[in-house]
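So the chains spell out like this:
Protein chains: 2
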Amino acid sequence: MIIINIGDELLIGQVINSNAAFIAERMNSIGIPVEEAVVISDQEEAMKNNILEALGKTDLVLVTGGLGPTKDDRTKKVLCEIFGMSLKIDQPSLDRITAMFNRRGITLSENNRLQAELPDGADIIPNENGTAPGMWFEKDGKVLVSMPGVPFEMKAMMGDILPKIVERFHPDAAILHKVVQTSGIGESDLSDLLEDWETALPKEISLAYLPRPGIVRLRLTATGNDKTLLENLLQDEIRKLKKIAGQYIWSYEDNQLEDEIGKRLTKMKKTLTLAESCTGGYIAHRITSVPGSSNYFKGSIVSYSNEIKRNILNVREANLKKHGAVSEPVVSDMAINSMDLFDADFSIAVSGIAGPDGGTVDKPVGTVWIAVATPTRLYTEQFHFLAAGGRATIIERTAAAAMSMLLKIMING
Amino acid sequence: MIIINIGDELLIGQVINSNAAFIAERMNSIGIPVEEAVVISDQEEAMKNNILEALGKTDLVLVTGGLGPTKDDRTKKVLCEIFGMSLKIDQPSLDRITAMFNRRGITLSENNRLQAELPDGADIIPNENGTAPGMWFEKDGKVLVSMPGVPFEMKAMMGDILPKIVERFHPDAAILHKVVQTSGIGESDLSDLLEDWETALPKEISLAYLPRPGIVRLRLTATGNDKTLLENLLQDEIRKLKKIAGQYIWSYEDNQLEDEIGKRLTKMKKTLTLAESCTGGYIAHRITSVPGSSNYFKGSIVSYSNEIKRNILNVREANLKKHGAVSEPVVSDMAINSMDLFDADFSIAVSGIAGPDGGTVDKPVGTVWIAVATPTRLYTEQFHFLAAGGRATIIERTAAAAMSMLLKIMING
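Chains as they are written, first to last, in the numbering used here: chain A, 1 to 413; chain B, 1 to 413.
Simulated from the structure, these hints should not be mistaken for lab results.
There's no promise every hint is true.
Copies of the same chain are indistinguishable here, so a pair counts whether it falls within one copy or spans any two.
[Unchecked claim] With a Cα cut of at most 25 Å, we get these calculated SDA-like pairs of lysine to any residue: (1) K77 to E44; (2) K155 to F22; (3) K270 to G358; (4) K139 to I125; (5) K270 to I312.
Bound conformation, chain A alone (with noise of 0.2 Å):
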């Protein structure tokens, strides 16, 4: 398949084109590979020669924008030019804009009214976020779906249009997924750990590594016909690899570290606070990027400074001293004192050094203590991180190792 993103502000640099990569992910999740993925502007000739070379080179494209209002005459008239239709005022389309428009209590435009004119032979997809349809169209064997670009109106209207790609490109396919998260350890030493289970794994079930910075992801992809066979394959799995390296795990779905630790706490009935020095607030921005995380996250303290770590955060001036900021007496204190302060049940504690500057022969740049206290008990570790990768991502890397080392905690005690 061959994805086609269509907007001049992605060849003029102005958005990243997250559009692809998402589209790509979704495709390889079904077991249909992306042969390319081609940016081009609004431009008729440009819009024509492309979804036409396309379409020659392969049976399913899939293409976002050139929907926007203002722009869709020439999206629109370049695919009924291609797919011999014409473009006739669709009545579920015009309804729904309408009453999209009327909920907003704004008089519905000219240019807006446009938006539910349609070539006349192609299946509809409504748009529940937006005021452009969704077109899939058909013919001598090939399937081109024109979507929207707004980023996540598309994701909404994948999710209906991906089991129509199933259906008609593997009418008999069960195809399902299990992921399962890591951290604490490297891709290369997890796929050596798991080599043994990966070789004998049934030929129904494919393995995919999926780093991210500080994570390891495992997709399991389950291919056949007989969904339950498929289900009971995919369990087993998943225990024998809990078996093998149970240590390491930190979630059993394809969620984020602030989601599973969110699902947790909420669970648990439990609350967080957090004392950031390296990471400056960045663990609090993900705690708090999760909707409801206020119900188990009270607040946080930055401590950029040893005088807020001693003022503030209560940190033994003793400490500080004899062992310096970066060190397993001061994050410890962080942790236990900020969960004091909080009223809080379990308590994380960063203190490192993400640099360019303030590293030192002793405790170079990447150096970072990490504490977790719980209602029970206290846990520390020491970390290093690369600082060839520079300071994001030592940040993002001592986030990840953070929050999963709570996890894990969590899970197994």
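On the provided structure of chain A, position chain B as indicated by the hints.
Just chain B now, kept in the frame of chain A:
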């Protein structure tokens, strides 16, 4: 020009293609429009077809990726075929790679030695940050430049390549840029405000609106042959712009809000603290993403509950009860008391409803109060952000509004 990014990791959606956006932005900055951006796999067939197709359509093709130690044979082989060259050890490249490995105390493997095997007719562009050099090919008036796919290696290399492209395609041109950044006014209102000025711009200067969440960047590009004349023209126009829209301007450089804040605080030898509610640590994260921020940022409080607002930030109970957490009196207390608590010269406080829950009829999702305390005054402002963009967008826009509010107070008093 056409951009070709080679990489299977892009086609399975594991990595978002930020290289294309970076190159597109740089190309536009030197007045060379991007016609297409294509992502392909590192299979010989795909590479050869797409590169030939691109060279048939345009005069300049920039290629990234496909040069890793395990993959470069194929890419270089394809390029040799297309340009009629053969591979030969390039001694300066071999010396550079050997020295790089010696510094790290690693022995050069055969795979790495092969990275110095390069097409004998290409101009070699040294890679200061990795082992795969760049290559500049020229044939029949067409130019193709091959660069590594690792973003920071590619970005550094673009610094060397850009002047060569200007010299090759616009030999007599001087191209100068100035960026002016605004906030507190939308793109279309700003464009109305600037209409007369924009119409009267000298023919050497072109203007681009580059919006980001909560921010509109204005890029003035001056093109001509006389650099001094262009510099003077730009200065004149920036002066006029300042008169018309000065109240919205927070930077005269192409930097981030946190960079400009850091620059000004460092110059003033002043310190900053924050009291964040709805942004949940995101502003602290932005501030501390700047190297050296520990010189002016002491730390901050994320006060995600009323309890913390009361107990740690000493927000008056009467204000919380009478006006609610999202109110002018509460953010005022937060700003002033955090400034005292952290003994800082400036403080920003934010309190708002990031959603999706927590909105009321009086205070819908997107309602935000921001306070900025300076050594001499307290400033407050209410904002209403659209709920439609979701929680992440409200947090992003709140941070932009808060940081630019501080900057505009620093600049205009």
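We went through each hint and held it up to the structure:
1. Only within a single protomer do K77 and E44 lie at most 25 Å apart by alpha-carbon distance; the minimum there is 8 Å, versus 36 Å between protomers.
2. Taking the shortest alpha-carbon separations for K155 and F22, both the intra-copy value of 8 Å and the inter-copy value of 24 Å come in at or below 25 Å.
3. Within a single copy, K270 and G358 get their C-alpha atoms only as close as 36 Å, which misses the 25 Å cut-off; across copies the closest is 21 Å, which meets it.
4. Taking CA atoms no more than 25 Å apart as the test, K139 paired with I125 passes inside one copy only; the shortest distance there is 17 Å, against 47 Å between copies.
5. Taking the closest pair of Cα atoms, K270 and I312 come within 25 Å of each other both inside a single copy (23 Å) and across two copies (20 Å).
Checked against the numbered hints above, the structure breaks none of them.
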